[in-house]
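J.: Position chain B relative to chain A; hints supplied.
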Amino acid sequence: MMRNATVIRERPAKGTECLGPDEISAAFEGLSAEDKLKLSAIETVFRGGTGFGPNELVYEAVCRALTGNRNCPRKVPFMAFMVETMRSIAHHERSKRRREVPLTLVPCKGGAAEGPPDCASGQLSPEEHLLERESADAVQSIHELFADDPEAQLVLMGWAEGRRGKALREATGLDQAALDYAAKRIRSRMRKQYPNGWTP
Amino acid sequence: MTAPRKPSSREELANIEDALVDAILNATAAELRDEIKDAGGDPDRCITDMDSAIARARAACARQTLERASAELAEWQSKNERPTSLDRDAARARFERMRSGDSELASKMMMAARKGGQGGPSQKDLDGVLDDLVELERLEREDGSG
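Residue numbers (numbering that gives the first Met the number 0), protein chains in the order written: chain A, 0 to 199; chain B, 0 to 145.
Read the hints as simulated data drawn from the structure, not as lab findings.
Incorrect hints may appear among the rest.
[As the list claims (entries may be wrong)] DEER-style ranges, computed between Cβ atoms:
1) B:E136 / A:T15: 46 to 54 Å
2) A:G50 / B:G39: 43 to 51 Å
3) B:L72 / A:A25: 22 to 30 Å
4) B:S51 / A:K191: 41 to 49 Å
5) B:A29 / A:D21: 27 to 35 Å
Just so you know, even glycine gets a beta-carbon here, dropped at the ideal spot from N, CA and C.
With the rest of the complex left out, here is chain A (with noise of 0.2 Å):
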């Protein structure tokens, strides 16, 4: 069993000392129950968009390690690793599919099309605009999902602005225990709500 994982981001540095194939095998062979359900879980928040059914993204995230695919470092946290990797992955496919779509226009209450028009400024691709007026849809659906529950909506504000541990709970006035209850609230009614995950 692994607790207090950190979600890591980067990929090792040339040099790094990551585990061989044995030890990549032998940690598999060592997941608990409640680090499979872990993965389950975590596999849901990432699929969205991906095209994947349920438990491929695990598969391949499993193949990638065993493979080599994917190198795990010895000091990061075998559970890390894992979800680390299914997020690499999905994100890959999330982007890959998305320029297989072709954009389109969307036209505005008023008539005129809602496009990728505001790349005026050079600061956004049309590809970009596009993920950002998504991304911008589905943290507001999110919100709106919690609109009964204020405490979710501040710890979601919370996490959506990277504040975590003191940081957050300075920002929401709620104590730890407060805080992990509306995160357990958050968790559980996400499930629910997206059981193949969110796009984008």
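T.: Structure of chain B alone, referenced to chain A:
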């Protein structure tokens, strides 16, 4: 002092995703079981599904490793295959041409034969020379094609 930059919507969504993943990693088994049941799922089925995904991945990777090893073996064998009788006939002809055209080589072979006292190089010696020639021709062909 400047105010912290407001995250973009993509960053906000990614931050929520990160926090949610951490919340899952920090949950207890009992909490996760309750949440799965609450969403209409079966926690034991989830565990079995994970076991099955891991086992399928192991089998697929083992199969892939075996296929790669087989392909490498086949490639090695094709490069190191035993000379055919045609290869050996060609090598023998080449050897005879070399021997007849090189008086020094012919004289050395006669000397070796006298010292060996068996009327010339043994069959094993000749086979060794022919094998070397076949291999030499193969390498020359590869160089020519590369």
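J.: Given a hinted range of 46 to 54 Å, is it respected by the beta-carbon distance of E136 (chain B) and T15 (chain A)?
T.: Holds - the Cβ-Cβ distance for E136 (chain B) and T15 (chain A), about 48 Å, lies within 46 to 54 Å.
J.: Could one say that the CB atoms of S51 (chain B) and K191 (chain A) fall in the range 41 to 49 Å?
T.: Distance hint for S51 (chain B), K191 (chain A) is violated at roughly 24 Å.
J.: Take the C-beta atom of A29 (chain B) and the C-beta atom of D21 (chain A), compute their distance, and say whether it sits inside 27 to 35 Å.
T.: Once the Cβ atoms are compared, 33 Å apart, the range 27 to 35 Å for D21 (chain A) and A29 (chain B) holds.
J.: Take a look at whether the Cβ-Cβ distance between G50 (chain A) and G39 (chain B) falls inside 43 to 51 Å.
T.: violated, 23 Å
J.: Given the range 22 to 30 Å, decide if the beta-carbon distance of L72 (chain B) to A25 (chain A) lies inside it.
T.: holds, 28 Å
Checked against the numbered hints above, the structure breaks hints 2 and 4 and satisfies the rest.
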